[in-house]
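Protein chains in written order, with the numbering used here: chain A, 1365 to 1674; chain B, 82 to 346.
Mixed in with the good hints there might be a few duds.
[Unchecked claim] To be clear about the criterion: a stretch of chain B counts as covered by chain A if any three or more of its residues have a C-beta under 8 Å from a C-beta of chain A, and this derived list gives those stretches:
no., region
1, 183-190
2, 204-212
3, 271-277
Simulated from the structure, these hints should not be mistaken for laboratory data.
Since the model is a prediction, treat every value here as computed from it, not as a measurement.
Beta carbons are placed, not taken as given, at the ideal position from N, Cα and C, and that holds for glycine.
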Amino acid sequence: MSTDQTEGTHKKPTEPIQAVPVRHPGRWIGVGVIAIFAAMFVNSLLTNPNWGWPLIGEWIFSPPILKGVGVTLLLTFLAMLLGLALGVLIAIMRLSPNPVMSGSAWVFVWVFRGTPVYVQLFLWGSIIALYQRISLGIPFGPEMISFDTKTLIPAFVAALLGLGLNEAAYMSEIVRAGILSVDEGQEEAATALGMSRLQTLRHIVLPQAMRVIVPPTGNETISMLKTTSLVIAIPLTTELFFQAQVIGNRLFQPFPMAIMASIWYLALTSVLMVGQYYIERYYAKGAMRELPPTPIQKLKARLGRGGDDE
Amino acid sequence: MSRKDDLLVKPKPDVMVEAVEVHKSFGRNEVLKGINFEVKTGEVACIIGPSGGGKSTFLRCINHLEKIDAGQLSVAGELIGYKLKGEKLHEMKDKEVAAQRRSIGMVFQRFNLFPHMTAAENVMAGPVVVQRRNKNEVRDRAQELLTKVGLGDRGNAYPMQLSGGQQQRVAIARALAMDPELMLFDEPTSALDPELVGDVLDVMRQLAQSGMTMVVVTHEIGFAREVGDTLGFIADGVVADFGPPKELLANPNSERLKAFLAKVL
Ligand SMILES: Nc1ncnc2c1ncn2[C@@H]1O[C@H](COP(=O)(O)OP(=O)(O)OP(=O)(O)O)[C@@H](O)[C@H]1O
Ligand SMILES: [Mg+2]
């Protein structure tokens, strides 16, 4: 559209329509109200000293916090990996015609989805304390080798197990829904080509199920990133939020430090959201005739054509 | 006839598909009630019949997508899904069944192309996944097959980007990539717009001329008459009429076929 034409001038029927758009006065009032509240909030953020911005600036890149961010990220990544791998396995077991397979998968989901993750983490922590030593040998006979579980299952592994197994229960339901969403004809066609059950699953069914699996998995990852703040139940103390609390308590300034932790969480989840966008796009292949351009592609197209509309 | 007598039906060398008294039930619904059918090597056998008569079920039994309850079904002299050890039948393992299916290609009414793969990848799927062959090695062959079905330039298109008729031709190429000795078609043109049917039938006609053994369930009476060597009429779970298509269509032996033809022609 070129702007030199007057809006609403109607010339010949063959020309593009230049109609006056509908006015929305209600929207403008809403925008005004939101703008006022936003301005008040920003004003308070900047002028009220209780937010402790200088303190946040001082600590946000401090070594214990950076290490906490690292532990949180590593825990999120590994727990999701464990959850996804185990979740796929349990989903496949759940769909197996063998009742022992599907039954045990059902029990797993029942237990791990039916109890709070905080309680599960506490229990994993206690199991370390309970079995201080694991010994290998003849039952009731002489002990041959023994391990100190404090070193065998350090708190990090307990956290990983707690978060990963809980996640597996949720992921298995997501994966199962994904597998069930794939048209039966797909399995039939693959089988008719001579593929085994496993080959069909790996090459035909799962790649198509991914379209259904990826969006909720993105949500699960974001959720996991935040859930890592519960591993103090084990206790695992190196994670981000606990570290922020430790510093906050030491300085008698818990509030700014919690805000600082929130800023980190927000930054990390934002990065995850961008990643999720591109992964979803990748798995939409073949489901859409043409993929819509990414925001960056749109920007490039605009800049490249000097802001010209098509 | 007892089971043991059934098994004395010896495979003949020039017979590709042999069905003797094939029975199949879904729960208490007996769908196939003793199908007898023979397809010689290199022949095109067409099957027509009313909806629900058991045509698809019979076709699916031929490559063991359904398990038969009684009777005997063999392809190229090999029992499908069972092995004869001594005098007893043993169920085949999944792996053995899969191996048998490789020499039988199947084309479905709704194409069932893999939507996450391009046309060329669909054609390569069998050789790459099942025969574990190298992608680069089978790419030329896939291109050759796509050219053969008239889609040499659409190898990079995803199924969604192709018309129904083009998708069905890719599906035919995909089945051919496994070098089958028998091709099964289940109403390959009934999901297509009328103007797209011709292209698919042309490909099938070519395939028949190249000597491929084919079993074709179809509503295209013209195709059956022109290309078919034999025509079977399946109704109510039995082959109610059978013969060379031109004669059978001109002078149906059974009243049922007469009534059916009166409706469809
Ligand atoms: N998997 C199944 N489970 C239960 N019943 C089935 C199944 N498949 C087919 N049937 C039944 O078997 C009968 C025969 O079906 P079939 O699909 O073989 O018929 P058809 O001759 O191919 O019909 P059409 O021309 O409509 O495709 C139908 O009554 C159908 O409901
Ligand atoms: Mg059918």
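Structure-based check of all given hints:
1. Given a C-beta distance limit of less than 8 Å, the hint that chain A covers the region 183-190 of chain B holds, as 5 residues qualify and 3 suffice.
2. Taking a C-beta to C-beta cut-off of 8 Å, the region 204-212 of chain B contributes 4 residues in contact with chain A, enough for the three needed, and the coverage statement holds.
3. Counting residues of the region 271-277 of chain B whose CB falls under 8 Å from any CB of chain A gives 0; the rule of at least 3 is not met.
Hint compliance for this structure: hint 3 alone is broken.
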